[in-house]
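With the hints in hand, could you dock these two chains into one complex?
As you go down the protein sequences, you meet chains A and B in turn.
The first sequence maps to residues 272 to 384 in the numbering used here.
The second sequence maps to residues 538 to 653 in the numbering used here.
Source of the hints: derived by calculation from the structure; they are not laboratory data.
Just so you know, these numbers come straight off a predicted model, no measurement behind them.
Be a bit skeptical, because a hint or two may be false.
[What the hints assert, rightly or not] Here are the simulated DSS-like cross-link-like pairs (lysine-lysine), alpha carbons at most 30 Å apart as the crow flies: (1) A:K376 with B:K605; (2) A:K328 with A:K376; (3) B:K605 with A:K342; (4) B:K561 with A:K376; (5) A:K342 with A:K274; (6) A:K330 with A:K274; (7) A:K376 with A:K326; (8) A:K274 with B:K605; (9) A:K376 with B:K615.
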Amino acid sequence: SQKIEQNSEALNIQEGKTATLTCNYTNYSPAYLQWYRQDPGRGPVFLLLIRENEKEKRKERLKVTFDTTLKQSLFHITASQPADSATYLCALDASQAGTALIFGKGTTLSVSS
Amino acid sequence: DAGVIQSPRHEVTEMGQEVTLRCKPISGHNSLFWYRQTMMRGLELLIYFNNNVPIDDSGMPEDRFSAKMPNASFSTLKIQPSEPRDSAVYFCASSLGSGRINQPQHFGDGTRLSIL
Numbered sequence: 272s273q274k275i276e277q278n279s280e281a282l283n284i285q286e287g288k289t290a291t292l293t294c295n296y297t298n299y300s301p302a303y304l305q306w307y308r309q310d311p312g313r314g315p316v317f318l319l320l321i322r323e324n325e326k327e328k329r330k331e332r333l334k335v336t337f338d339t340t341l342k343q344s345l346f347h348i349t350a351s352q353p354a355d356s357a358t359y360l361c362a363l364d365a366s367q368a369g370t371a372l373i374f375g376k377g378t379t380l381s382v383s384s
Numbered sequence: 538d539a540g541v542i543q544s545p546r547h548e549v550t551e552m553g554q555e556v557t558l559r560c561k562p563i564s565g566h567n568s569l570f571w572y573r574q575t576m577m578r579g580l581e582l583l584i585y586f587n588n589n590v591p592i593d594d595s596g597m598p599e600d601r602f603s604a605k606m607p608n609a610s611f612s613t614l615k616i617q618p619s620e621p622r623d624s625a626v627y628f629c630a631s632s633l634g635s636g637r638i639n640q641p642q643h644f645g646d647g648t649r650l651s652i653l
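So that you can see chain B by itself, here it is in the shape it has in the complex (with noise of 0.2 Å):
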């Protein structure tokens, strides 16, 4: 079976321009998350869907960061402009329910993004 599809797994760009990165999640699963991952941080939670529509987005770090999901099989993250600081493994998870039940959370490989 497939899993969480994330493109691209590695990412290098300069400081103020766009980035785009995007999420395929399992299909059936009602739910969507996007994830950071930094050494200092762990693992932040940036916003979460369910159904297609925003649940949470309290984490999402300012208004450079933007997510959609047009539909139930795909996702966007944009940062832009992006800065140094943004530099980060950014993880897709999906799963079944509505993201507040406990069911487990199957996450993609993620995209390694480096602005320099």
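The shape of chain A in the complex, shown without the other chains (with noise of 0.2 Å):
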């Protein structure tokens, strides 16, 4: 079955700096992944997608990166703020499974200022 994990559980740096978040997925090869903020007690909201022939995308301070090979996905925050703080889920396609987004567990973000 398609497994889907966020490197770690929680992230701290300082304003400012640059936050990475990664997350790798096994047994599948999805068309295309999203990446969503969640804030505490609200639902997902959709960030970006990036297509499995796209390197990188940017939005803003935001950029993400898609590597097939290494079956992987980085998630990168420039500048960040203190506003930035909130967990980050990654999600992949798993249309070829005859289902829709498969979800990572999330990486809670904290930056302090």
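Take a look at the structure:
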């Protein structure tokens, strides 16, 4: 079965630094990956989508990479701010298995000022 | 624009009672998803509908769980009878497309369910 892992449950960094979150997967070849942000007590909010034929995608301070050889996606937040503190979820396309998205458990990012 | 609307936001009930969770997707979206989120298991897909038809219900834990989508603007997730292990946050999400295409999902703010 498909397995998706996010590198750590929690990541603590200082304001202004770059946060790098990792998403690894096995037993699958997704056509795309999505990243979501979740704040306490709220539902996940879509951030970025990257397709298998795209190496990198950017949106403002966010950057996502997708390495299908390593079966890994990296999510970067540059010039991090305390407002970036949240849980970040990666989700992979599971359409080959006849279903929709499979989510990782998330990494909780804390940015201190 | 109105997002995905879920009700109730919180539900506390005793074991054995029937629980009904409700969801109104974003107008125009034709895929609807029900998820359950716990600390141990993360966000798990329970079932998803496309054009009101259930496409994949392999995530539904057991026969105590059922979901319906009688029309494009309303869906319910029912648990009968409820058990303490059903305690979790239940999310509804909607998207354009068939659910298998690369469309973002839009989530509601969830129902926090506690079964005593």
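Each hint, compared with the structure:
Only pairs whose Cα atoms come within 30 Å are accepted, and A:K376 paired with B:K605 is accepted, the gap being roughly 27 Å. Proximity of A:K328 to A:K376 is assessed by CA-CA distance (about 22 Å); at most 30 Å being required, the pair is judged to hold. Using a Cα cut-off of 30 Å, the hinted pair B:K605 and A:K342 is violated, with the two alpha carbons roughly 36 Å apart. Annotation: proposed proximity of B:K561 to A:K376 holds, straight-line Cα distance about 26 Å (limit 30 Å).
At most 30 Å may separate the alpha-carbon atoms for a hinted pair to count; A:K342 and A:K274 meet this at roughly 11 Å. Proposed proximity of A:K330 and A:K274 is supported: the alpha carbons are some 27 Å apart, at most 30 Å. A hinted pair counts as satisfied when its Cα atoms are at most 30 Å apart, and A:K376 with A:K326 qualifies at roughly 24 Å. In summary, the hint linking A:K274 to B:K605 is supported, as the alpha carbons are separated by about 29 Å, within the 30 Å threshold.
Of the supplied pair hints, the one linking A:K376 and B:K615 holds, its CA atoms being roughly 25 Å apart against a limit of 30 Å.
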